[in-house]
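Enquirer: Produce the entire structure from the sequences given, and follow the hints as far as they go.
Sequential numbering of the sequence shown, starting at 97, is according to our numbering.
No lab work stands behind these hints: they were computed from the structure.
These numbers come from a predicted model, not from an experiment.
Heads up, a few of these hints could be off.
Claimed, not checked - Here are the computed lysine to aspartate or glutamate pairs in the EDC-like style, where the Cα-Cα straight-line distance is at most 20 Å: (1) Lys154 x Glu133; (2) Lys135 x Asp125; (3) Lys154 x Asp140; (4) Lys121 x Asp140.
As the list claims (entries may be wrong) - Okay, the calculated beta carbon distance ranges per label pair: (5) Ala113 x Gln159: 36 to 42 Å; (6) Ile127 x Gly173: 20 to 26 Å; (7) Gly173 x Glu111: 55 to 61 Å; (8) Gly100 x Ile141: 48 to 54 Å; (9) Gly100 x Glu156: 47 to 53 Å; (10) Met169 x Leu148: 16 to 22 Å; (11) Gln158 x Leu116: 45 to 51 Å.
For every residue, glycine included, the Cβ atom is placed at its ideal position computed from N, Cα and C.
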Amino acid sequence: MVEGVAADEVRLLLERAERLEEERKGISDDIKDVFAEAKSRGYDIKALRSILRLRKRKPEEQQEETAIMEVYMRALGMMA
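Expert: What follows is the structure in structure tokens.
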């Protein structure tokens, strides 16, 4: 132990973080593959990503954002 630091413990923590970083990279690559597949099938990727972000939110947050967007879009003449 050097000045209160347990080298083995620090090493284990870093190795664990490195493994998780590698897993995250793999998952990120998998997500890219899913969107590439969706694009190849003719889906709009921006729309899918927007929906994905909305689905992460609570229903009331989704409704609020959608309502605000509709107000802004109407003000800009983008909706009837």
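Enquirer: Run every hint past the structure and note whether it holds.
Expert: Okay, the hints, checked on the actual structure:
1. Lys154 x Glu133: Distance of about 28 Å is beyond 20 Å: violated.
2. Lys135 x Asp125: 15 Å, holds
3. Lys154 x Asp140: Between Lys154 and Asp140 the Cα gap is close to 24 Å, so the pair fails against 20 Å, i.e. violated.
4. Lys121 x Asp140: 24 Å, violated
5. Ala113 x Gln159: 36 to 42 Å: The hint (36 to 42 Å, Cβ to Cβ) holds, given that Ala113 and Gln159 are roughly 38 Å apart.
6. Ile127 x Gly173: 20 to 26 Å: 36 Å, violated
7. Gly173 x Glu111: 55 to 61 Å: 57 Å, holds
8. Gly100 x Ile141: 48 to 54 Å: Holds, since Gly100 and Ile141 (Cβ atoms, about 50 Å apart) stay within the stated range.
9. Gly100 x Glu156: 47 to 53 Å: Holds, since Gly100 and Glu156 (Cβ atoms, about 48 Å apart) stay within the stated range.
10. Met169 x Leu148: 16 to 22 Å: Check passed, 21 Å falls within 16 to 22 Å.
11. Gln158 x Leu116: 45 to 51 Å: 30 Å, violated
Checked against the numbered hints listed earlier, the structure breaks hints 1, 3, 4, 6, 11; every other hint is satisfied.
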